[in-house]
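Please model the complete structure; the sequences and the hints are all you need to start from.
Protein chains in written order, with UniProt numbering: chain A, 1 to 109; chain B, 1 to 109; chain C, 1 to 109; chain D, 1 to 109.
Incorrect hints may have been included.
When chains are identical, the list treats them as one kind, so a pair holds in a single copy or across two.
Straight-line C-alpha distance at most 30 Å; calculated DSSO-like pairs for lysine-lysine [as the list claims (entries may be wrong)]: (1) Lys58 to Lys86; (2) Lys89 to Lys47; (3) Lys89 to Lys56; (4) Lys98 to Lys80; (5) Lys86 to Lys13; (6) Lys100 to Lys86; (7) Lys56 to Lys86; (8) Lys98 to Lys86; (9) Lys100 to Lys89; (10) Lys105 to Lys47.
Hints in this document: simulated from the structure, not taken from any laboratory.
Bear in mind the structure is a predicted one, so any value in this text is a computation, not a measurement.
4 protein chains.
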Amino acid sequence: MSDIDIIINELVKFRNDRDWDQFHNPKDLALAINVEAGELLELFLWKEAGEAKLEKVKEELADVLAYSFLMANKYGFDIKEIMLEKISKNGEKYPVDKAKGTARKYNDL
Amino acid sequence: MSDIDIIINELVKFRNDRDWDQFHNPKDLALAINVEAGELLELFLWKEAGEAKLEKVKEELADVLAYSFLMANKYGFDIKEIMLEKISKNGEKYPVDKAKGTARKYNDL
Amino acid sequence: MSDIDIIINELVKFRNDRDWDQFHNPKDLALAINVEAGELLELFLWKEAGEAKLEKVKEELADVLAYSFLMANKYGFDIKEIMLEKISKNGEKYPVDKAKGTARKYNDL
Amino acid sequence: MSDIDIIINELVKFRNDRDWDQFHNPKDLALAINVEAGELLELFLWKEAGEAKLEKVKEELADVLAYSFLMANKYGFDIKEIMLEKISKNGEKYPVDKAKGTARKYNDL
Numbered sequence: 001m002s003d004i005d006i007i008i009n010e011l012v013k014f015r016n017d018r019d020w021d022q023f024h025n026p027k028d029l030a031l032a033i034n035v036e037a038g039e040l041l042e043l044f045l046w047k048e049a050g051e052a053k054l055e056k057v058k059e060e061l062a063d064v065l066a067y068s069f070l071m072a073n074k075y076g077f078d079i080k081e082i083m084l085e086k087i088s089k090n091g092e093k094y095p096v097d098k099a100k101g102t103a104r105k106y107n108d109l
Numbered sequence: 001m002s003d004i005d006i007i008i009n010e011l012v013k014f015r016n017d018r019d020w021d022q023f024h025n026p027k028d029l030a031l032a033i034n035v036e037a038g039e040l041l042e043l044f045l046w047k048e049a050g051e052a053k054l055e056k057v058k059e060e061l062a063d064v065l066a067y068s069f070l071m072a073n074k075y076g077f078d079i080k081e082i083m084l085e086k087i088s089k090n091g092e093k094y095p096v097d098k099a100k101g102t103a104r105k106y107n108d109l
Numbered sequence: 001m002s003d004i005d006i007i008i009n010e011l012v013k014f015r016n017d018r019d020w021d022q023f024h025n026p027k028d029l030a031l032a033i034n035v036e037a038g039e040l041l042e043l044f045l046w047k048e049a050g051e052a053k054l055e056k057v058k059e060e061l062a063d064v065l066a067y068s069f070l071m072a073n074k075y076g077f078d079i080k081e082i083m084l085e086k087i088s089k090n091g092e093k094y095p096v097d098k099a100k101g102t103a104r105k106y107n108d109l
Numbered sequence: 001m002s003d004i005d006i007i008i009n010e011l012v013k014f015r016n017d018r019d020w021d022q023f024h025n026p027k028d029l030a031l032a033i034n035v036e037a038g039e040l041l042e043l044f045l046w047k048e049a050g051e052a053k054l055e056k057v058k059e060e061l062a063d064v065l066a067y068s069f070l071m072a073n074k075y076g077f078d079i080k081e082i083m084l085e086k087i088s089k090n091g092e093k094y095p096v097d098k099a100k101g102t103a104r105k106y107n108d109l
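Next up, the structure:
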């Protein structure tokens with residue numbers, strides 16, 4: 001079993017043990033991802049990038065990932081597949097010769 | 001190589017080919033996760049959970065995951081490890097007998 | 001009529017002319033605030049604080065404010081009242097002698 | 001003095017009493033708006049629109065507004081002016097005859 005499948009199995013077991021699937025529709029999962037992303041962001045608020053507390057970053061990042069994995073699972077998406085496809089698509093939006101060394105958006109390249 | 005490592009290798013190669021590591025400090029990665037989470041959320045705005053367009057959800061979810069993987073990589077976190085640790089920690093905050101079937105937060109259980 | 005009332009009147013007229021009140025339940029308004037906040041945040045992504053484009057900041061900030069005003073209106077909140085009440089409450093959480101010059105959260109003071 | 005000016009005066013006094021202007025660059029204010037928007041969103045997570053607790057909504061909405069007012073003040077924007085300008089601009093993007101009764105984005109009208 002792949003690492004991703006092992007993690008998803010644990011997440012789904014955790015959810016099912018608590019009978020939470022009834023709450024986990026895709027819209028609320030999108031809310032949950034945003035709520036956790038906001039908690040992750042708070043760790044950097046009014047701070048330099050290096051000042052966030054590592055233990056907290058680990059936990060909030062894990063929460064963002066957990067709800068993202070659960071959303072993928074809910075839709076039946078293959079995480080590896082959708083990520084590699086998006087990287088490939090981004091390669092077209094950001095060709096190396098135009099995008100190298102600049103943080104501009106693709107529509108400003 | 002694990003699926004997660006394969007994905008991270010592709011993300012890092014994509015980033016390095018474009019010389020973007022200079023922009024990817026942890027604080028801006030936290031911003032990027034929030035920006036992408038907001039774009040994912042927008043797909044559900046004013047809609048029922050089932051009305052979001054699948055192809056768009058795939059792409060925005062992949063973006064959230066991509067910046068989350070890159071943040072983990074930046075800190076040297078092992079994604080499987082931090083996710084399994086967080087699930088275990090959440091198991092203590094949400095014991096099955098108290099949390100089953102309710103969406104209340106742990107401090108309201 | 002106060003400035004806030006003038007703005008709310010315009011927002012409500014705009015919404016009603018388009019028959020959009022049917023979509024503006026408080027939950028979706030909270031989503032809209034987050035979506036717009038994410039677009040505002042994107043203007044600062046990979047950048048120094050001073051590098052965001054002023055015209056865009058104006059527009060995205062106005063969007064955050066618009067949905068926030070519409071949410072207040074939806075609930076019948078008086079914006080001036082809830083803001084002054086929150087400032088007063090924050091004064092208790094962050095007493096000047098403890099909070100002066102530090103960005104720490106109230107539970108770390 | 002207008003309502004908006006009264007509120008901004010209180011916010012600025014609160015901030016200056018604590019010597020927090022040093023932290024309030026526009027980028028971190030954008031982060032703060034997102035963090036507070038996330039806390040507002042959390043009140044609706046796993047819930048129907050009508051189930052959020054009013055007292056909490058009031059407080060989190062006031063926080064979103066507070067940082068938005070402070071950002072406007074930081075840039076020297078006139079809140080009434082930028083909001084009315086944006087409403088006018090949105091009127092062009094969403095003409096009544098096309099936008100009436102539909103939640104579609106302007107680029108899908």
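Comparing the hints with the structure gives:
no.	hint	result
1	Lys58 to Lys86	both (25 Å within a copy, 9 Å between copies)
2	Lys89 to Lys47	between (34 Å within a copy, 24 Å between copies)
3	Lys89 to Lys56	between (33 Å within a copy, 13 Å between copies)
4	Lys98 to Lys80	within (27 Å within a copy, 35 Å between copies)
5	Lys86 to Lys13	both (28 Å within a copy, 14 Å between copies)
6	Lys100 to Lys86	within (19 Å within a copy, 35 Å between copies)
7	Lys56 to Lys86	both (29 Å within a copy, 11 Å between copies)
8	Lys98 to Lys86	within (19 Å within a copy, 33 Å between copies)
9	Lys100 to Lys89	within (17 Å within a copy, 35 Å between copies)
10	Lys105 to Lys47	both (25 Å within a copy, 12 Å between copies)
Checked against the numbered hints given earlier, the structure satisfies every one of them.
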